[in-house]
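Q: Single-letter residue listing:
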Amino acid sequence: MHRNKLAPYINSGETVAQLRLDLLFALLPLIIIATVQNGLRVLVMCALAAAASDITELLSHLVGHKKPDLLRAATLGLCLTMLCPITVPVWLPAAGSAFAVLFVRVILVGDFRTLFMHPAIGWLFMITVWPSYMMTYPKTSGFNAFPVFADVRGFERAWSIGQYLQFGQKPQTRMLDILFGRYAGGLGTTCIFAILAITVFFLIRKSIAWHVSLSMMATVSIFALFINRAGVSPAYSVVFELCAANLIYVAIFIASDLVNAPKLPVARVLFGVLIGVFTMLLRYFGMFEYCVLIALIFANLFSGAMDRIAVAFRSRRAKHFNLQS
Amino acid sequence: MRLFSKGIKLHKDLDIDFSVSTQNVSGDVYTFLCYAGQEYELLIKEGSRVEKYTKIAVADGIPIYASVTGEFCGVCTFESGDVTVIAAHIKNSGEYTPPFSALSHTDIPSSPAELLDLFKNAAIIDTFNKDYLCNTFGKYLTCDSLLLFAVDDNPYVVTSCAVMCDFEEEVLEGLSIITRSLKIKNAVIMMQKNFKTAQFFKKRYADIKVMRATDKYPARLNALIYAKKNNSLIITPETCRAVYRAAVFKEPCVTKTVTVWGDAIQKPAAAQIPIGTTCGELLDMFESHTQIGKIVANGVMNGYLIMPNDIITPFIDSITVMSDCAKMQQKGCITCGRCTAVCPVGLAPYYVLRRAAREGSSKAYFNFDLCLKCGCCSYVCPANIPLDTYIKLYNDERSKADAQK
Ligand code: SF4
Ligand code: SF4
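Protein chains in written order, with this note's numbering: chain A, 1 to 325; chain G, 1001 to 1405.
It should be emphasised that the hints constitute simulated quantities derived from the structure, not laboratory data. These numbers were taken from a predicted model, which means no experiment stands behind them. It is possible that some hints are incorrect.
Claimed, not checked - Derived contacts from chain A toward chain G, CB cut-off under 8 Å, selection only:
id, residue
1, Val16
2, Pro147
3, Val148
4, Arg182
5, Leu258
6, Val266
Stated by the list, open to error - If you want the ones that stay clear, here's a sample from chain A, every Cβ over 10 Å from chain G, calculated:
id, residue
7, Leu6
8, Tyr9
9, Leu19
10, Met135
11, Glu156
12, Arg174
13, Leu214
14, Ile227
15, Pro234
16, Tyr236
17, Phe278
18, Val311
Don't be surprised by glycine CBs; every beta carbon is placed ideally from N, CA and C.
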């Protein structure tokens, strides 16, 4: 028996590893669906990305940085791979993951680490260095077999929903295809049905900051209702804007990351709204399909400030609630 | 199932026998005198014989009575949480002493001054306020009602409910003495939601309001919210019972009711024992079905670890005996914000860590003295960080810094 342990002596049973595993488990269905739709190439990309981020994490530990968190690093690799089209070279997600770990874990220090979301940084790196790979999609029928290792060449190209909207055209995608992921987009980001099912899992496990996802999607939907880029009905406009450029995937898997999102519910809602507003403004006034991740990086810079405002507000409320006197 | 708004979910409600057994102890008893650093004056000599209920010392102006009959062997010190207590060692002769009128006052109090006198002479302690009632008496004079905290406050402290159920008449008589002396008209009993005894009290005592604590907050917070809104003073059933026994039987407060429970205990129950009994002797009265890992005083959420040779002070309400000895490994904060989401009073514990680490804890940013030390934040923390303890340290340092200014 020992005297030194501090209260409480029971806990909820949640551990840091469990939170990490939740994300990993949630990615598995997406990886399986992507593999069924595109072949074993997906698994190779995932394995390379996870290995690259783990190796970089270990190396960063060797040069004197924090204890390696291999689970988190591997999850980052997988998360990033799911954002890439199947036609990118197999090594590309690995390069993006390694860069993200290197940048966030080694170059940034202290509080700056939480200023940038790993996957968003990796994605920004990939799209800046290899834009043609990242924005070209093959035409998909639902089940394709791409070469496992070799580069994919001479494939028939298709426009993503985001690209249609960018040029003010009506996306040629049926609702059922959207639900089951039969349209051009990132590997694991298109099957809305699977993503929604995973969201339920996340909500039960409380492993994401759902306020962010919800407020972000709500903001985008409100914008889509009033500003219709494709000349379709408001309901279709909402669906297309939400599915364009992996937005739902980003909202559920990346923006709602507990570590980077603000900590207080009010701040989380504000954060989601901010991402939504930035995304839609960039969509309307920018020339770039993937503005959601840029918006995310930008809004993330304010996440600390939002927390501070919410804490100050809470503190004042708590003072009114002074029960000790 | 107990459920606090967003944090604590206890799937196992306490399966406890709410009858209190009165236990005579045979081993030595260490009667609580005061905390280390406080003044006390011994009224007996080492080696002399003391009778149960005789005045053996005066500590900070409050009389201390022997809780058993035997030989006084001297004064010793014990650790109790983060404080040291001074106790009088009495070699228990095991002789049975029938209750006798140890207190000098004659009438049942009928005015605030008489009530204060009773509190002081009988050395009555209220565990909700964690002090002698005579020290908190000022609060009684300004309150509009009394709130009797009789909640089975799992996973905090559960003794109140047992005393309420088993000594119902003595408790209510005591409550009536206090309300009459202070000319307070309203008294409210707080019991937990869905507890059938609450219904029973409601039916039986039409003039006393019975309130049910919701599962939204820890019961203590329910009581504090009610007390704040209604300018009430919170007392425990054990206090009321002590008042009754002091007023009617002239009996000073020398016993304590302690609930013993936990996964290592076969039949959780409440026992009334002399103050100063060793924890080991108390545990001998209960059968444990596994090896004992930890003994926690005053609830697993915000209590402290004690050892079998520590003593039961008047401030210990419950003992939790756990089979699990494994330490929960503390990790670095992953900034998940769960602690902030569950805090019932709306604090942001996550910031204590960050601010205190970055800028030194003497800087006052947030009003952490509002913290109830309920432990919800630490309970949900996936990194096992004892946040409420850090908040306590932060507050201590801040008050030290303020005092130095
Ligand atoms: S211990 Fe204090 S800070 Fe933690 S949840 Fe309870 S009241 Fe809030
Ligand atoms: S719950 Fe624990 S890990 Fe999460 S923010 Fe609070 S202190 Fe950090």
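Q: Report holds or violated for the interface hint on arginine 182 of chain A, using the least CB-CB distance to chain G and a cut-off of 8 Å.
A: Cβ of arginine 182 of chain A sits 36 Å from chain G, so the hint is violated.
Q: Against chain G, does leucine 214 of chain A hold up as non-interface, every C-beta pair farther apart than 10 Å?
A: Consistent with the label, leucine 214 of chain A stays out of reach of chain G, its closest Cβ about 15 Å off (over 10 Å).
Q: For leucine 6 of chain A, which was marked as not at the interface, is the minimum beta-carbon distance to chain G over 10 Å?
A: Given that some Cβ of chain G is not farther than 10 Å from that of leucine 6 of chain A, nearest at about 4 Å, it is violated.
Q: Determine whether the non-interface label on arginine 174 of chain A survives the test: each CB of chain G must be over 10 Å from its CB.
A: With a cut-off of 10 Å, arginine 174 of chain A remains clear of chain G, as the shortest Cβ separation is near 39 Å.
Q: Can you verify the interface hint for proline 147 of chain A: is its Cβ closer than 8 Å to any Cβ in chain G?
A: With Cβ-Cβ at 39 Å, over 8 Å, it is violated.
Q: Can we confirm that no CB of chain G comes within 10 Å of the CB of isoleucine 227 of chain A?
A: 33 Å, holds
Q: So, as I understand it, the hint says valine 266 of chain A touches chain G; can you test that by seeing if any CB pair is closer than 8 Å?
A: 11 Å, violated
Q: Say whether it holds or is violated: methionine 135 of chain A keeps its Cβ farther than 10 Å from all Cβ of chain G.
A: Non-interface label stands for methionine 135 of chain A: nearest chain G Cβ at 33 Å, farther than 10 Å.
Q: Is the nearest CB of chain G more than 10 Å from the CB of proline 234 of chain A?
A: Proline 234 of chain A is indeed farther than 10 Å from all Cβ atoms of chain G, at 34 Å.
Q: Minimum Cβ separation between valine 311 of chain A and chain G greater than 10 Å?
A: 5 Å, violated
Q: Just checking, glutamate 156 of chain A versus chain G, shortest CB gap more than 10 Å?
A: 44 Å, holds
Q: For the hint on valine 16 of chain A, just tell me whether its beta-carbon gets within less than 8 Å of chain G.
A: 5 Å, holds
The structure fails to meet hints 2, 3, 4, 6, 7, 8, 9, 18 from the earlier list, while all remaining hints are met.
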